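Q: The lines below spell out each chain.
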Amino acid sequence: MSRAQRDVWADTLIELASANPDILVLDADLATSTRADRFADAYPDQFLQMGIAEQGMVGTAVGLASLGFVPWLSSFGIFFTHRALDQVRMAVAQTHANVKIGAAYTGLQAGLSGKTHIDIADLAIMRAMPGMTVLAPADAAECAAMVRWATATPGPVYLRLGRESGPDVFGADYVFAPRVVRRLRDGADLLLVSTGQQTARTLAAAELLAADGIDAGVIHVPSVKPCDEAALADAAAQVPLVVTVEEHSVLGGLGGLVTEIVSGAVPRRAAGSRIVRIGIEDIWGESAPNAWLLDRHGLTPTAVAERVRRELAAAS
Amino acid sequence: MAEPQPGSQPDIDELEALAKRGRLHVIETVAHSGAGHVGGPLSAMDLLVALYFRAMRIRPDQPDWPERDRFILSKGHSSVGLYAVMAMRGYFGVEELSTFDAGDSRLQGHPDMLRLPGLDTSTGSLGQGLAIGLGMAIGARRRKLDFHTFVMLGDGEAQEGQVWETVHVAPRYGAGNLTAIVDRNGMQQYGWLLPDGEEHRGNRGDPWAGANLRGAFEAFGWRVLEIDGHDFGQILAALDDVRATSGGDTPTVILARTVKGRGISFTEGRSEWHARPATAAEAEAARLELTAPEVNGSNGVEL
Chain W
15 MSRAQRDVWA DTLIELASAN PDILVLDADL ATSTRADRFA DAYPDQFLQM
65 GIAEQGMVGT AVGLASLGFV PWLSSFGIFF THRALDQVRM AVAQTHANVK
115 IGAAYTGLQA GLSGKTHIDI ADLAIMRAMP GMTVLAPADA AECAAMVRWA
165 TATPGPVYLR LGRESGPDVF GADYVFAPRV VRRLRDGADL LLVSTGQQTA
215 RTLAAAELLA ADGIDAGVIH VPSVKPCDEA ALADAAAQVP LVVTVEEHSV
265 LGGLGGLVTE IVSGAVPRRA AGSRIVRIGI EDIWGESAPN AWLLDRHGLT
315 PTAVAERVRR ELAAAS
Chain X
65 MAEPQPGSQP DIDELEALAK RGRLHVIETV AHSGAGHVGG PLSAMDLLVA
115 LYFRAMRIRP DQPDWPERDR FILSKGHSSV GLYAVMAMRG YFGVEELSTF
165 DAGDSRLQGH PDMLRLPGLD TSTGSLGQGL AIGLGMAIGA RRRKLDFHTF
215 VMLGDGEAQE GQVWETVHVA PRYGAGNLTA IVDRNGMQQY GWLLPDGEEH
265 RGNRGDPWAG ANLRGAFEAF GWRVLEIDGH DFGQILAALD DVRATSGGDT
315 PTVILARTVK GRGISFTEGR SEWHARPATA AEAEAARLEL TAPEVNGSNG
365 VEL
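Here the protein sequences line up with chains W and X, keeping their order.
So the first sequence is numbered by the numbering used here: it starts at 15 and just counts up by one.
So the second sequence is numbered by the numbering used here: it starts at 65 and just counts up by one.
Worth flagging that the hints you see were computed from the coordinates, not collected in a lab.
Hints may contain errors.
Unchecked claim - Per label pair, the in silico range of CB-to-CB distance:
# : chain 1 : residue 1 : chain 2 : residue 2 : range
1 : W       : K129      : X       : A275      : 28 to 38 Å
2 : X       : E159      : W       : G145      : 25 to 35 Å
3 : W       : I66       : X       : G98       : 42 to 52 Å
Note that the coordinates shown come from a computational prediction; the quantities given were computed from them, not determined experimentally.
We put the CB at the ideal spot given by N, CA and C, even for glycine.
Next comes chain W alone, as it looks inside the complex (with noise of 0.2 Å):
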């Protein structure tokens, strides 16, 4: 198993900051919960302690950006799209300020906290935001690639961090580029779209499926935005049937992406396309350990193969 995206992201920062002093961590708070605690104790003259503070941590994060610091924040992805969503938006987004957002605990595995903590909307709100940049890593080393990249890229980056450790999708020599889509998998009945820690599972359930004799194409979209569009939909046109998955909402994230790609691509290259959308429902998150949530939502490999056979077969 691999290390954890929070881990990571913190060990990745410390080795950053060796070399670049403008880089400042700032925290609202749960730095031992997001490892920012690491990256305290390894360089505490660029960690600043806001409190439990959310709002003014990002806008003084846009105060210390316009001297020329690179801020990364810490906290729960939640606090970020939905407590300082006008801070984001208007302090950050809208003044194109160098401030990176790192946003821990997204997603449904958020440490048996429950609805208040679990945020599966995030996608849907920041890549409606003019000018965020939005990443969701599948691993570890897509995750260390993409704070290296966040870091050295001027202007707003969002980056999904899960709490959890999940299995490797890359090798340790991968390097981010913005937009791109990465395919996984070739597979000619359909495609399954995939972003963040869940890409992992979705493998493994197309591994399950070729086990049936089901060849399912697997791409991992890991910039949400920007995102190669014309790249989705070229993919899209070449398979009957579109799977998303994500551990997210269904409404306006990795599905809300893909459908709308394929509904306005023209030529209409995937007009032929269907699309299902996997993730969470239009429903509240629970507290509840991770296994028992990804498997209630639908998202465990076994899950999503299923799924995918009962589409296949509805279809047919």
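With chain W's structure known, arrange chain X on it following the hints.
A: Here is chain X on its own, set in the frame of chain W:
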């Protein structure tokens, strides 16, 4: 009067004349655009003139000068007052004020730093400016720059929770180089419903002394200066004071008591002028009241 030259120090008479011109720009600009705020820009005008013509170290011809003092108009809906002062100070021509609120204008209804050079951030959603100013103040210390950061808030804006997040944390960072200026005109858009049995305030639009801002800021460890926000002597003294203590560890708030709609007889203290354009007749009446020295060659009329 002529535009002050870089390095010149307009005296109080000149500042008062500039404030009259600024107020005229406000009333005429909003009348021209057909919408915009009036009461707040007029209450803040003397503070803005003092900042831009005396207190702040700025270079209008080099708006991104790294060592410039920072100014954030957190009460971004008073943008037209800021634009009037920036135009008079030479950031752009006063004729551009006529583009206020128009499509493609650099002079947006709420300040947009990506459009107008000289703005240190974008504002408009209330309560956000002080946090950004704290980041600038902390950043200045880390960069070993001795510029000062000024953030102007409305007293109504001080009802926003985010303001108090930053008030809470700023002393922890020893931000003596950060000054909040509260344009305390006691009046906001709707005002407050009267409690049962309370009659002396007349109606919901009457000025209200508001919360105990001095006590609140002091409780969080800020230094508090209270001034008459229309008395240039007091304004300049306060701004000199915060400059002198900029190297210290304690942020300062200047509570500036002001009158909404100040400077024009029929807008002063009138809540209905929070945001409404003057008619042609009203604009002319305002012009007569504010007759600026360069218009009639005199020292202006008494208000």
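Q: Now tell me if each hint is right for this structure.
A: Okay, the hints, checked on the actual structure:
1. Range check, K129 of chain W to A275 of chain X: Cβ separation about 34 Å, and the 28 to 38 Å hint holds.
2. For E159 of chain X and G145 of chain W, the hinted distance range of 25 to 35 Å is satisfied, since their beta carbons lie about 31 Å from each other.
3. About 44 Å separates the C-beta atoms of I66 of chain W and G98 of chain X, a value consistent with the hinted range of 42 to 52 Å.
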